[in-house]
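Chains as they are written, first to last, in this note's numbering: chain X, 1 to 313; chain C, 1 to 102; chain H, 1 to 394.
Misleading hints may appear alongside valid ones.
Covered by chain C, according to a simulated footprint, are these stretches of chain X (three or more residues, beta-carbon under 8 Å) [what the hints assert, rightly or not]:
1) 23-32
2) 60-74
3) 194-206
4) 227-236
Over 12 Å on every C-beta distance to chain C, these chain H residues come out as not near it, computed from the model [to be verified]:
5) ALA42
6) GLU368
7) LEU375
Source of the hints: derived by calculation from the structure; they are not laboratory data. The beta carbon of each residue, even a glycine, is placed where N, CA and C say it ideally should be.
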Amino acid sequence: MAYNFKEVARKPERFTGGHRMCAGCGAPVVIRQILRALKPEDHAVISAATGCLEVSTFLYPYSAWKDSFIHSAFENAAATISGAEAAYNGMRRRGKLDQEGETKFIAFGGDGGTYDIGIQALSGAMERGHDMVYVCYDNGAYMNTGIQRSSATPMFADTTTSPVGRESQGKNQRKKDLTEIMVNHHIPYVAQTAAIGNLKDLYEKAEKAIYTKGPAFLNVLAPCPRGWRYEASDLMQINKLAVDTCFWPLYEVVEGKYTVNYKPKNKLPVVEFLKAQGRFRHLFKKGNEELLDMIQKEVDRRWERLLSLEASN
Amino acid sequence: MSKREEKIYSPDVGWKDITHGGTITTAGNAELFLTGDWRSMKPVWLKDKCKQCLMCYYVCPDTAILIDENGKRIDFNYNHCKGCGICYKVCPFKAIDFVNEI
Amino acid sequence: MAIRERLSGNEAVAYAMKQINPDVVAAFPITPSTEIPQYFSAYVANGEVNTEFIPVESEHSAMSACIGAQAAGGRAMTATSANGLALMWEMLYIASGARLPIVMACVNRALSGPINIHNDHSDSMGARDSGWIQLYSESSQEAYDNMLMAHRIAEHPDVLLPVMVCQDGFITSHAIENIELLEDEKVKEFVGEYKPAHYLLNKENPIAIGPLDHFTHYFEHKRQQAEAMRNAKKVILEVADEFYKLTGRKYGYFEEYKTDDAEVCIVVLNSTAGTAKFVVDKMREEGKKVGLVKPRVFRPFPAPEIAGALARFKAVAVMDKADSFNAAGGPLFTEITSAVLAHGATGPKFINYIYGLGGRDVKADDIEFIYNKLLEIAAPGKVDSIYNYIGVRE
């Protein structure tokens, strides 16, 4: 189905205002658009890992989710939703659920709840083949607890547990490539996306992920103005820079076949993305040119590899 | 709102009336919670300049820009708008102003 | 007509699960409970049940999946032991806190470390304050019966708490005994349908479960949960009464064995009660007035009832198959003595024996030694040591 911006806008809103995410948070924009990809007649059961999204959207007695929602713990959003999906199959088989439309199962976790503490439950659920979508909203640190480094934190970012100091230039390790790890689960659909432009890429990938039978994984960039230290109003500009520098490539893997969905005509140097954020400010001090060069080489290496994977389909 | 629900929302709800395990049965009721007082800056819709492109609608993290039954955006829901300014930055027609909250 | 069979404890539990035919079973293998998901998978594979079986990648995910399934509106069950239960720890509290009536078979095994696969009660005793109802079973028969009663207790609207049915690893889980089973239809009728008031899969009335619950509401939720555990006391007896009418097998909070005129008494859980009954019979023949109390329900703890039952003895030994490492006594002992004190019984002298850790065999001679010690104390003598070990090499 072609993406009709105006038509899609008229689909029911499934995520309400009145939640307590920070002003300008990148995550709710992503969540709203993903949920919009649900068919209006379908119901969703949504699980969330403990994290910003969960604690800000379901503070007793207020839930911002118009669909059914469950949070149980930090590391198990995938396992929890897999249980709900199994119950759906079991109960439907027994004729216990006589209702119109389908029920879809979506788990949301931040990078902490997904790349780190939740990777086991995620890997298990994906391997078992539940008909579900796991969405990682990647803001590159444990933002909920106050910007601690995660395995998704980019190299040299300043966080509260990888602080810049006399002996440290921020996080000393590379960012884990979770999307590739999920590709290697050989599940039907894996995609990396972000809220850029008219949010078409995000919508279409969400729709495919939700309506592909079996497990699907979406890794979505979700900038955090507090943790990344940029002006909250710049969300869409930051998203665009992440994509135009190829720091965050948009691509999908369907049954093992790679498609790079966006190839910038003018691939920007990664410094354009870095200099917009306070967490990388120390890299622009004199003498740190080598570090910037290292980041650029890493981005280039991953981008080239991705293009070659696409070429070798 | 039913009597039972009123009790649930009441800040002095007792343990006999509170919902089991914190489950709530009124999905989407966060709408009742107002976050408008978080604002220090305020977006202002300049209706005349607006081309109804709906970019602002999509990028609002707070579902504070709603559309009517004809698919047209209406004025801000200041009950929820936190004043982040994303809509202001994204508007291609300068149809949103961003001013100090008074 | 009841069906006469010979089954091990694990087979009995798996058979009960087959008859219950829950919507979802999520389990991970761990000795000695592994056979339960094995048998159950075979039922699934052969179409004898139409349950969704989730072969999860860890016990943490087993309990998480049970939580998701039960919240979704299905009946969810699992089985585990020892470290598996420990890995579920976080989720045990969340299951009870969310008031989800999940049923678990816990095949008791010693907790690491060091690692040990044999029976003691350190696993379930560690989970005693997790908000789960705990039923203990002396035999395969009791494990089977407790499983059949578990859903009725858990799902009662005044309760809505998860239930853990415990039995001794290997000793009962792998030992084949005579057992009386109920017919499938009778089980189905007795257990009934699960009809939650609210559930995730109800499209007409979507709900949200598991909020961030601040100091403004958390305490009220916990107070309500505590009340549910109090309510369980009444429900456990009502269900037992109905079960008695169906099977002729009687269950209460605890079983008293030859206590009527007893002067001294041992309190012990699970299979060791069987050995103790043998010793009681033998000593009774010698004219010694000894008796036994075997708790079945440890959570909720029947404090006034057990205090009342023990008040008339001169001396009581509580045997714990788990140590609390608290320099004060094992979990059953501290629980019982505090109940006795709180409910005003001042008569009996109490001593504690930690026994059988890591599967160390407890022999009839050991139990006879304890009874003789109690008779000395009752003589009257004095208690020279309250917190003791038996069966450990000095």
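Check, residue by residue, whether the segment 60-74 of chain X contains three or more positions whose beta-carbon lies closer than 8 Å to a beta-carbon of chain C, and give the verdict. As far as the segment 60-74 of chain X goes, the hint holds, because 10 residues have Cβ atoms under 8 Å from chain C.
Whether H/GLU368 stays farther than 12 Å from all C-beta atoms of chain C, as the label says: Per Cβ check, H/GLU368 is outside 12 Å of chain C; nearest 48 Å; holds.
At least three residues with a C-beta closer than 8 Å to a C-beta of chain C: is that true for the segment 194-206 of chain X? holds (count 3)
Would you say H/ALA42 is clear of chain C, with no C-beta pair closer than or equal to 12 Å? Its Cβ never comes within 12 Å of chain C, the nearest being 35 Å, so this holds.
Assertion that H/LEU375 lies farther than 12 Å from chain C (Cβ): Given that every Cβ of chain C is farther than 12 Å from that of H/LEU375, nearest at about 48 Å, it holds.
So is the segment 23-32 of chain X in contact with chain C by the C-beta rule, three or more residues under 8 Å, or is the coverage claim wrong? holds (count 8)
Residue count check for the segment 227-236 of chain X against chain C: does it reach three with CB-CB under 8 Å? Satisfied; 6 residues make the cut.
The earlier numbered hints are all upheld by this structure, with none contradicted.
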